[in-house]
Amino acid sequence: MKETIPQKLKEFAKGIYQDIIGKQSPKLIIPLRSLSNVTYNEEEGYFKIQNKTKERTLTASTVKTFAQTLRMMNLSKELVQSHDIATKREAYYVSKNWGESRFSEQPESDAVMDDIEAMMRVNREQIGFIPEEKGGAVAGSLTVIDVDQETKKELRIDCTKFGSGAYSVPSSVEHLKFETKAKFVLAIETSGMFERLNKHKYWRKSNCILISLGGVPTRACRRFIRRMSDDCNLPVFVFTDGDPYGFLNIYRTLKVGSGNAAHINEYFCVPNAKFIGITPQDIIDYKLPTHPLKEVDIKRIKDGIKNDPFVKHHKQWQKALKQQVQMKVRAEQQALAKHGLNFVSSDYLPKKLKDSSTWLP
Amino acid sequence: MVVKAEELAKKQREIGVAEFFARNRHLLGFDNKSKALLTTIKEAVDNALDACEEASILPEIQVQIIDLGKDRYRILIEDNGPGIVQKQIPKIFAKLLYGSKFHSMKQSRGQQGIGISAAVMYGQMTTGKPAKIVSRISENHPAHLFELHINTQKNKEEIVRTEELSEWYKDHGTTIEIELEASYKLGRQSVDEYLKQTSITNPHATIIYTNPKAEQLLFPRVTEKLPKEPKETKPHPYGVEIGTMIKMLKYSDAKTLQSFLSKEFTRVGTGTSKTICENAALLPKTKPGKMSREQVDQLMQGIKHTKLMNPPTDCVSPINEELFEKGVRRVVNAEFYTSTTRHPSVYRGNPFVVEAAIAYGGSQPKDKSAVLLRFANRVPLQYQQSAGAIAKAVTDTSWRNYGLSQSQNSLPVGPLTIAVHVASVWVPFTSESKEAIANYDEITKEIKLAVQECGRKLGQYVHKKKRVGLELKKRSYIEKYIPHVADALKDLLELTPDQVNNVKLMLESTLENTRGKIVEVKFDKSKNEEFDETFAKIGKEDVSKKEESEIVKDEKKSLQERQTVLGEGKGLE
Chain G
1 MKETIPQKLK EFAKGIYQDI IGKQSPKLII PLRSLSNVTY NEEEGYFKIQ NKTKERTLTA
61 STVKTFAQTL RMMNLSKELV QSHDIATKRE AYYVSKNWGE SRFSEQPESD AVMDDIEAMM
121 RVNREQIGFI PEEKGGAVAG SLTVIDVDQE TKKELRIDCT KFGSGAYSVP SSVEHLKFET
181 KAKFVLAIET SGMFERLNKH KYWRKSNCIL ISLGGVPTRA CRRFIRRMSD DCNLPVFVFT
241 DGDPYGFLNI YRTLKVGSGN AAHINEYFCV PNAKFIGITP QDIIDYKLPT HPLKEVDIKR
301 IKDGIKNDPF VKHHKQWQKA LKQQVQMKVR AEQQALAKHG LNFVSSDYLP KKLKDSSTWL
361 P
Chain A
1 MVVKAEELAK KQREIGVAEF FARNRHLLGF DNKSKALLTT IKEAVDNALD ACEEASILPE
61 IQVQIIDLGK DRYRILIEDN GPGIVQKQIP KIFAKLLYGS KFHSMKQSRG QQGIGISAAV
121 MYGQMTTGKP AKIVSRISEN HPAHLFELHI NTQKNKEEIV RTEELSEWYK DHGTTIEIEL
181 EASYKLGRQS VDEYLKQTSI TNPHATIIYT NPKAEQLLFP RVTEKLPKEP KETKPHPYGV
241 EIGTMIKMLK YSDAKTLQSF LSKEFTRVGT GTSKTICENA ALLPKTKPGK MSREQVDQLM
301 QGIKHTKLMN PPTDCVSPIN EELFEKGVRR VVNAEFYTST TRHPSVYRGN PFVVEAAIAY
361 GGSQPKDKSA VLLRFANRVP LQYQQSAGAI AKAVTDTSWR NYGLSQSQNS LPVGPLTIAV
421 HVASVWVPFT SESKEAIANY DEITKEIKLA VQECGRKLGQ YVHKKKRVGL ELKKRSYIEK
481 YIPHVADALK DLLELTPDQV NNVKLMLEST LENTRGKIVE VKFDKSKNEE FDETFAKIGK
541 EDVSKKEESE IVKDEKKSLQ ERQTVLGEGK GLE
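One line per chain: the protein sequences are G and A, in this order. For reference, each letter of the first sequence is one residue, going 1 to 361 in my numbering. For reference, each letter of the second sequence is one residue, going 1 to 573 in my numbering.
Please keep in mind that the hints were generated in silico from the structure rather than gathered at the bench. Backbone N, C-alpha and C define an ideal beta-carbon position, used for all residues, glycine too. Among the clues, some could well be false.
Stated by the list, open to error - Partner residues aside, some chain A positions facing chain G, computed with beta carbon under 10 Å: (1) 58; (2) 499; (3) 502; (4) 507; (5) 509; (6) 510.
Claimed, not checked - Heads up, simulated SDA-like pairs for lysine to any residue below, C-alpha to C-alpha not over 20 Å straight-line: (7) G/183 <-> G/141; (8) G/14 <-> A/472; (9) A/504 <-> G/318; (10) G/64 <-> A/472; (11) G/23 <-> A/497; (12) A/490 <-> G/15; (13) A/504 <-> G/98; (14) A/490 <-> G/78; (15) G/14 <-> A/491; (16) G/27 <-> A/509; (17) A/490 <-> G/18; (18) G/27 <-> A/504; (19) G/27 <-> A/508; (20) G/23 <-> A/479; (21) G/10 <-> A/509; (22) G/315 <-> A/472; (23) G/8 <-> A/493; (24) A/504 <-> G/61; (25) G/64 <-> A/500; (26) G/23 <-> A/156; (27) G/10 <-> A/504.
Go ahead and model the full structure; you've got the sequences and the hints to work with.
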């Protein structure tokens, strides 16, 4: 697939060149990347991009971004041709060679990069750019089969053998293969909770793979979970804080993708993920200590109920979110420690995993 | 108790008007030494201008300030006016509240007949020296010299010395010489600034000024046309207060109320007079001199309920917008000027006219508050900058609508000079020192309308300038980034140098075609022919060397600021 990227980029540039020669104002047509341009249906299992696009016609006010986009495409072409990669930050620094058309802040270059990605309908890594941030941490009965970069030989990584540490998901996961006898994947929001479960070898007790998301999961992390789940036919359970960030940012993005990455959600989603906790009902059932919801939390929930196609599709989520607004409180994963430090592994998780009626879709 | 009262009675006596003002000199504008100098010169020059205009003479006025050291100055003001008859000289210059203008309904600079005698009094009090006046009414008459003092207790003139001069260098005119304690300063409230501003509103006057450094500055007239002489008018019934009415009734020759009304007031004929009497429930035959207080009250009510025509407006003589603007052009080098003269209007029976002129941009500082020049009956108002109707009207105007920044209740910020002139048969000042115009709704409203009228035209210019600036920025943007587009395409498509050039050319023409054509103009300092640089500098405080170089830099910068005006091309983005 990599060979076609430079061709694609060239073809694109050719179109622009011909417009210019033909005295036409060249245009960039970029798919709109936002929640308003996605739909959700359960069969497909992810946020599917619609046909809305934004047009960037070359005018006085767009000429700078236009030049930058072309420069960035060229950088991408060079990267792919030389089998090199650049992090988003590095790409930003490369632009400092572009004279007047350099970027002044990294968010500008990130946005142009995302635009190119969306125009090409490929994943950022395919056009030679990689993110700064890592995926997540993995522990459990899983063998990851990687390739040694120098010897090109197969590398078998046993994720049970990291002791108190964990395997770290690389930024690019397409080439990985998996072997496992685990029964399910447990994705955890906080590394604190991951540490606790890893320390007590919870993965052995319940025969699962633990993965810490570290907030909203990165693309690599999402893709890793997806591939693992697809290849080994594993169910995925998600365990976050009981707050709108956990529900709508972390879980929803992992399961169906995001608005911003609408063009690649198809690959970066885990449609079979299930939410096991902490649900608003858990807060009541387990009499968890809580914090009051902030104004922004309530706004986020209401906005989700109104605008998030995923929430709109799932009555259960609407009910849960409404319930939380009424309760006006949120609870963290660590709140379970109220009942004893290991209550989470000895009681909460086993009980929750057994009773699918307490999950959310 | 009786004893005490009698004791007190010994101390109780009439306070002379002159004595009162001597103790309250601030009421007349003699609060401090530098203001005393300004007020003295101002009173003399105002009188000179009034006299010349009344006699239809193009004024030529000499002003001289001689530094005598130790805060003492001698000032000399000489005019080519009609002169003053011998008998009147002592009273005019050495008796407070003596004058011709208080009782007449006619636009003039002086009003109460206080000013010049107050100056004489101030000189006398601070130096003990009498004022020296020489006046001659024609070549067939001798000139008369008077040295005068004021008896402050009796408010009576005292002639120290008088002499008939058979020889004098002028056919007609008056000179006054006063020695006084004063201090000479430059700046906004200086004599120099006063004379400069006076020449804005008196384009028909020539002023020759010799400052304390013995440098002579000339303010030449720019028009040979005398202002239309304001007609004297009778009072309008709507503007008369009950006290004045009682006085008028008492001294009138009229035998009946009906004839009194039609004789003493403007816009009242026999018919209207009768209607007023009817509305007042008074007999037309009532004897004016014998009316009771209650009857006068009835009369006032009657007037209130009678519809009267507005007073005639030929008693007010505005400068006219063209000359006013010309005056402003002389002192401010700007890129844009506009001015307006409103139609006459009336407050409390007094007709008045408002004029406004605005100068924008050019070499004026961009980050300072606008300069506000205020004038009443052609006299500059230099003190109490933020008081009175003009300041209120200007600060109440929303300058943001015209593309300037402005915080609430203050002057706009920007390269702007706003000049406002109010002319009236009776300008309502807030105090005897004539520093600010009282805030009558009618006046404030008219000023606002005048300023807004100029503001709208200014707004069009400012917005256009902004648009053009933006357009220019966009154009330079295009020029800046087109090579980058071409470069990137070269790398992507491995284009030949010719192809790259072609891309640049094509892009340029495509982008230019979508924008209008531009005509280039710039702010050209020499374009304003009326502007007089030395003139504009008059009155300004000395700038230090460092500041001067900064000013030069600023001017260079503004010259470099190329401005373009959009031609008939397509619209802007």
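Hints versus structure:
{"no.": "1", "hint": "58", "result": "58 Å, violated"}
{"no.": "2", "hint": "499", "result": "8 Å, holds"}
{"no.": "3", "hint": "502", "result": "7 Å, holds"}
{"no.": "4", "hint": "507", "result": "6 Å, holds"}
{"no.": "5", "hint": "509", "result": "7 Å, holds"}
{"no.": "6", "hint": "510", "result": "5 Å, holds"}
{"no.": "7", "hint": "G/183 <-> G/141", "result": "10 Å, holds"}
{"no.": "8", "hint": "G/14 <-> A/472", "result": "31 Å, violated"}
{"no.": "9", "hint": "A/504 <-> G/318", "result": "56 Å, violated"}
{"no.": "10", "hint": "G/64 <-> A/472", "result": "16 Å, holds"}
{"no.": "11", "hint": "G/23 <-> A/497", "result": "19 Å, holds"}
{"no.": "12", "hint": "A/490 <-> G/15", "result": "13 Å, holds"}
{"no.": "13", "hint": "A/504 <-> G/98", "result": "17 Å, holds"}
{"no.": "14", "hint": "A/490 <-> G/78", "result": "13 Å, holds"}
{"no.": "15", "hint": "G/14 <-> A/491", "result": "12 Å, holds"}
{"no.": "16", "hint": "G/27 <-> A/509", "result": "16 Å, holds"}
{"no.": "17", "hint": "A/490 <-> G/18", "result": "13 Å, holds"}
{"no.": "18", "hint": "G/27 <-> A/504", "result": "16 Å, holds"}
{"no.": "19", "hint": "G/27 <-> A/508", "result": "16 Å, holds"}
{"no.": "20", "hint": "G/23 <-> A/479", "result": "17 Å, holds"}
{"no.": "21", "hint": "G/10 <-> A/509", "result": "24 Å, violated"}
{"no.": "22", "hint": "G/315 <-> A/472", "result": "56 Å, violated"}
{"no.": "23", "hint": "G/8 <-> A/493", "result": "12 Å, holds"}
{"no.": "24", "hint": "A/504 <-> G/61", "result": "17 Å, holds"}
{"no.": "25", "hint": "G/64 <-> A/500", "result": "18 Å, holds"}
{"no.": "26", "hint": "G/23 <-> A/156", "result": "93 Å, violated"}
{"no.": "27", "hint": "G/10 <-> A/504", "result": "19 Å, holds"}
Violated hints, in rising order: 1, 8, 9, 21, 22, 26; the structure is consistent with all others.
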